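Student: Sequence:
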Amino acid sequence: MTINASIPPEQLEALRAQFDVIDQDGDGQITSAELTAILEREAYDYLDAAQKQSILDTFAAADANRDRVVDFDEFVTLFAGAATQDPDAALRESFARYDLDGDGYLTPEDFKRISAEQGEELSDEQARDMIAMADENGNGKVSFEEYRKIMSAS
Numbered sequence: 020m021t022i023n024a025s026i027p028p029e030q031l032e033a034l035r036a037q038f039d040v041i042d043q044d045g046d047g048q049i050t051s052a053e054l055t056a057i058l059e060r061e062a063y064d065y066l067d068a069a070q071k072q073s074i075l076d077t078f079a080a081a082d083a084n085r086d087r088v089v090d091f092d093e094f095v096t097l098f099a100g101a102a103t104q105d106p107d108a109a110l111r112e113s114f115a116r117y118d119l120d121g122d123g124y125l126t127p128e129d130f131k132r133i134s135a136e137q138g139e140e141l142s143d144e145q146a147r148d149m150i151a152m153a154d155e156n157g158n159g160k161v162s163f164e165e166y167r168k169i170m171s172a173s
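Going letter by letter, the sequence shown gives residues 20 to 173 in the numbering used here.
No wet-lab data here; the hints were simulated from the structure.
None of the values given here were measured: they were computed from a predicted structure.
Glycine is no exception: its CB is placed at the ideal position from the N, C-alpha and C atoms.
Check each hint, because a few of them may be wrong.
Unchecked claim - Between beta-carbon pairs, the in silico distance windows are: (1) Lys168 / Gln37: 25 to 33 Å; (2) Glu112 / Ile26: 17 to 25 Å; (3) Glu29 / Gly159: 36 to 44 Å; (4) Ala52 / Ala115: 25 to 33 Å; (5) Met170 / Arg147: 14 to 22 Å; (6) Asp44 / Glu140: 35 to 43 Å.
Construct the complete structure from the given sequences, taking the supplied hints into account.
Tutor: Written out as structure tokens, the structure is:
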């Protein structure tokens, strides 16, 4: 497999740096154990079981030659493919995950339920404050457009 020549050199350098962080033993391959180790160190506490499994499934799908490791070419192909998709696809997916009742808005109730599922308890005031940070039109809920703006700013 060859690295996509259409990827700008600076993007390849950034991908190489990310790859090298995950490739803890420096052998030029990422194993599922290395991926799990970095996730546990960096983000596992913030992910639910479905999100963890989704990451591991994506890793498995990136292993084009099925040798149970992801080399740099496979890593680049994974991220190059993601870059050509709908730029809002990941945001839409995360928005839908939080929009528990599917009404197209994030409400204080959505935030309270999400927090409760993660073992956290939010007061009504805390949930309203979270909404207020992104609620541009003051209707007490966050639309996808408002969500996109706040997520793009962070």
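Student: Hint by hint, where does the structure go against what was stated? Just the numbers, ascending.
Tutor: No hint contradicted; all consistent.
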